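Visitor: So the protein lines, in turn, are chains X and R. Residues in the first sequence are numbered from -17 upward in steps of one, following my numbering. Residues in the second sequence are numbered from 53 upward in steps of one, following my numbering.
Rather than coming from a laboratory, the hints here were simulated on the basis of the structure. Errors might be hidden in some of the hints.
Some chain X residues well away from chain R (every beta-carbon gap over 12 Å; in silico) [claimed, not checked]:
{"id": "1", "residue": "Trp25"}
{"id": "2", "residue": "Arg420"}
{"id": "3", "residue": "Ala433"}
Some but not every residue of chain X turned toward chain R, in silico, with C-beta under 7 Å [unchecked claim]:
{"id": "4", "residue": "Ile3"}
{"id": "5", "residue": "Gly82"}
{"id": "6", "residue": "Pro373"}
{"id": "7", "residue": "Val388"}
Fair warning: this is a prediction, and the values are worked out from it, not measured in the lab. Quick reminder that beta carbons are idealized off the backbone N, C-alpha and C, glycines included.
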Amino acid sequence: MEISLPTFDFLVVAPEIVVLITALLVMVVDMVIGREQKGRLAWVALVGVLAAGALSYYLWDGSDPALHDMLAADGYALFLNLAILVAAALAILFSLEYTGRVGLAQGEYYTLLLLSTAGMMLMAAAINLMTIFLALEILSISLYVLVGLNRAERRSAEAALKYFVLGAFASGFLLYGMALIYGQAGTTSLAGIRAAVQAGGEPSALLLVGLGLMIAGFGFKVALVPFQMWTPDVYQGAPTSVTAFMSVGAKVAGFAALGRVALYAFGDLQGDWRWVLAVLSALTMTVGNLAALRQANLKRMLAYSSIAHAGYALAGLAAGNAQGTSGLLFYLFAYAFMNAGAFAIIIAAGRFEGATGGGETLDDFAGLAARKPGLAVAMALFMLSLAGVPPLAGFLAKLYVFGAAVRGGLIWLAVFGVVNSVISAYYYLRVVVSMYMREGRPAAVPAPVCAGLQVGVALAAVAIVLLGLWPGPIVDLARVAALALLGG
Amino acid sequence: MLLDYVWLIPLFPLAGVLINAFLGRWLPRRLVAAIASLAIVASFAMAAVLFFQMLGLPAEAEGGGAGRQRIVPIFSWIVSGDFVVEANILLDPLSIVMALVVTGVSALIHIYSAGYMAGEEYHNRYFTWLNLFVFMMLILVLGDSFLTMYVGWEGVGLCSYLLIGYWFERESAANAAKKAFLVNRVGDFGLALGIMLIFATFGSVAFGQVLPAAASIPAGTATAIALLLFLGAAGKSAQIPLHVWLPDAMEGPTPVSALIHAATMVTAGVYMVARTHALFEVSLSALNWVMWIGALTAFLAATVALVQKDIKRVLAYSTISQLGYMFLALGAGAYAAAIFHLATHAFFKGLLFLGAGSVMHALSGELDIFKMGELRKKLPWTFRTFLIGVLALSGVPFFSGFFSKEAILSGAFEGGAIVPWLLGLVTAGLTAFYAFRVLFVAFYGKSRLDKKVERHVHESPWVMIVPMALLAVLAFAGGYIGLPRVLGIGSAVEEFLAPVFADSTLVHTAGEATLEWLLIGLSVVAVAAGILAAWWIYVRNWGLAGRLTQSARRLYDLAFAGYHADRAYMEAIVQPLRMLGEGLAGAVEQRSIDRAVNGVGELVGLAGEGLRRLQTGLVRNYALAMFLGVVAILAYFVLRGVLSW
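Let the hints inform the model, and build the full structure from the sequences given.
Guide: So, in structure tokens, the structure goes:
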């Protein structure tokens, strides 16, 4: 009897495999090198991430290969891979000095970081409910541990536990939704679900309820209101480099899967789900911004700001058209640079002597322009870009998604978006004002900033300027990626 | 062709920004100021060269030629399927006039700043921002699409915000900056929405594609777009009810007030409406709004200016009032007149602010005109230039303000807007009164200076006087580019701008010569009455002002407080919003803040800590919110299903 073995085209998941192997490598190297040399682990991790990024780019030849019905290396996945790997690479650069300062176990730290990255990438590539769930758990569990890795800090552990409990709750919703969908469609493949949705004339309530539960599950990962409440506590409690990483990576991954499920599998039921997403989008940006207005702690403020940005990005998805989808992708890519960059400055500010707030309060940033002009310029760029001031990347990203919403007939949502951008400028500018227009306390002596962090910050700052002024190449990629998902 | 090098105009200020931002710290102070000033002078020279080049071209497009309009490609900003935005420069009579005014006045004010800000601590920062402002302003007026204009629009707003708060140690300056920013955001919100609506309607944001197609869209859409754009214009150009930020913006250094809050940035709204007049003309109701808001602003702001004691506040309200004139002209379809007044106003109001700065410089920062007096003798050059500014602002014949104001008033009258014209006429009288009031009180009479201040009084250095003198020349002679039609020579500025407004459908029947003379005569009478009244009250019968004030106390207080616009905002909008924000934020935040405070320092182990937290109910609350969210989503889906079945 002949047993036909399934063929595996490993090239499809080559970037993910590279990241996973690097994770293992870090673990092994960690065991053999001395205590003083742990810092080198970061470079191992960085090389792996860069190799995966290069592979993702190289793989992108428009052929959109798939590994059975499980994973796809289509343009959509590869584009999001790039965003995720950008976040990972920046996070590694920002961690070089920080991990040592805070006293994080470096072997575990970089291993988990890479594992989590692999989970995010798999999530972007997943075209089956099973792989989606597996990827989600890989990324989540790594993140739970990363959040709690700072054992000296009470808030870190508290945040980890909170994130874990609520995350489990959200996973429950997600899994239940998947079960219902499977029950109705009889398959876990997204293509199969799409076929089932297209076949049935009237949408079955079971499918819709399943979709609703999945929206809630992903909504937790990307921090949509009302599934966002963990965000400020966790972002504040986690080591700042982890916050920089997860505030981007987890969001990108969540949106990746949500986009695939909503636009591809349930694409024909757009009329049913887009209102839910539109209302969630409006709610999310409004609540995020209003709460951010009165934060004095920058990590908390940025946490609320990241909630608001999830709302803006979701507007692209709610628009439901090609422009909205590519807008969402562009948004996530731009967001990776500006948000991670902003957290990096907090990491740097934490080293200043006399930074009573650990570099996390507005007071710690007072007079930064006089002491560290380079960092101040970068931070100002990040804040202005987050606020959507032209011609930076954040402005273009907002224009893109709100324009798509208007085209998709959701003018009211665009109005919400614009009003919210108007409000948000207030709290972003407070940081700029603090840096440029307030006297620093004499005690706040600037410490030398780690070179790796400087490079990362500079890259992020240049990227948001370039993405704003010369967005062509990335916009083109985002369009191709969106077409890979929507077909056509 | 030389015109293709128009990008040099904004490039010079940008170079100045980069040099001073990165190297300014190590450069000597004088060099920083020199670099910044030279950048703008070079930019002005380029604009002037291009202007004369343009004059050599045929005014009308004929035989395949584009006439004086030219689109100079810079780069393709966004190319994404059918969404294409080119970052191009639109060079036409309107944009070159704006560029000339902006760079010309900026150059003089930069030079003046070199003297005025010499002793300031953050010297290089000041000049960096000032150069950045000019760069952004040039992007605003030279861009060929709504989006590039928006880039400049936001950019100048940001620079204005930073420069108002330049003396950030003063709390009032920080507050003023914040207020300017917030009020402007309301306007920007309108502009952003308007641009989005334009994109949704026309599928493009380029002027060259949107404006010619304007006539083909439904009037309702056009009204919505035009009113949203006007909201933006009203915010930036300080029109009622969004005028409240400008008087407070005087907290910034005086050259900033002169440049940004009198001569250039605040006129951006006027430029925009003129540029997009095709959209406004589709919806006459929008144009009517522009006219009435403008007329009312001109009148009301002038009444407030009558009683202010702070010299800069008088000038600020005067600016609001003069901007109102420009909008009145725009609303009546007298676009060229509005741009003409924009230019002359930039000259004489810039000059008046520089004069006020020179006075402050001499008097250790004194602003109250009733604590001045007799400055005519102590500050002879400041006095002479200020006098010319006052004459021009008042609209005294043969000075620039006279010609541009005449153009506006006759334009309004001939456009059939009789009541707005009447308001404008009364405003002309009020303007002459408050302008001469400042002159008489501050520069004539007996010195009421503080003894300590009096000893240090000194005329400003030449680096400040020369720019003032040059502006004074412009404030006098600038009007001769726009002679009244009735003289038969023709208005040069109107003819130059004619191609830009050729598509206007509003018909202006040129009045009879007698009528024109009558209109001119009426406004001269109004101006003369204003001057005479000021002379009677503040020179002839010193002390009469006090008695008059007493007899009309309530009216005086009302005007002095700017009709309580600030308080109205505070009570009607700011307070309720603040309460709403606190409430909403409180609902989201309160518990976790308490937790952060209470939770420190009472813990045993990590697990215990975590479990304890779980038991405080916090996590349960979070979970409950999630659960309710899920229920809401599912309820929607189920209900939708039930309803559709």
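Visitor: Just want to verify: Arg420 of chain X was marked as not at the interface with chain R; is every Cβ pair farther apart than 12 Å?
Guide: 7 Å, violated
Visitor: Would the hint on Ile3 of chain X stand, with a C-beta cut-off of 7 Å toward chain R?
Guide: Where the cut-off is 7 Å and the nearest Cβ of chain R is about 33 Å from Ile3 of chain X, the hint is violated.
Visitor: Answer holds if the nearest beta-carbon of chain R is closer than 7 Å to that of Pro373 of chain X; otherwise answer violated.
Guide: 5 Å, holds
Visitor: Taking the minimum C-beta separation from Trp25 of chain X to chain R, is that value above 12 Å?
Guide: 31 Å, holds
Visitor: Does Gly82 of chain X hold up as a contact with chain R if the rule is Cβ-Cβ below 7 Å?
Guide: Since the shortest Cβ distance to chain R is 22 Å, the answer is violated.
Visitor: With chain R as the partner, please determine if Val388 of chain X meets the hint condition of a C-beta pair closer than 7 Å.
Guide: 4 Å, holds
Visitor: Is the nearest Cβ of chain R still more than 12 Å from the Cβ of Ala433 of chain X?
Guide: 20 Å, holds
In summary, the structure is inconsistent with hints 2, 4, 5 from the numbered list given earlier, while agreeing with the others.
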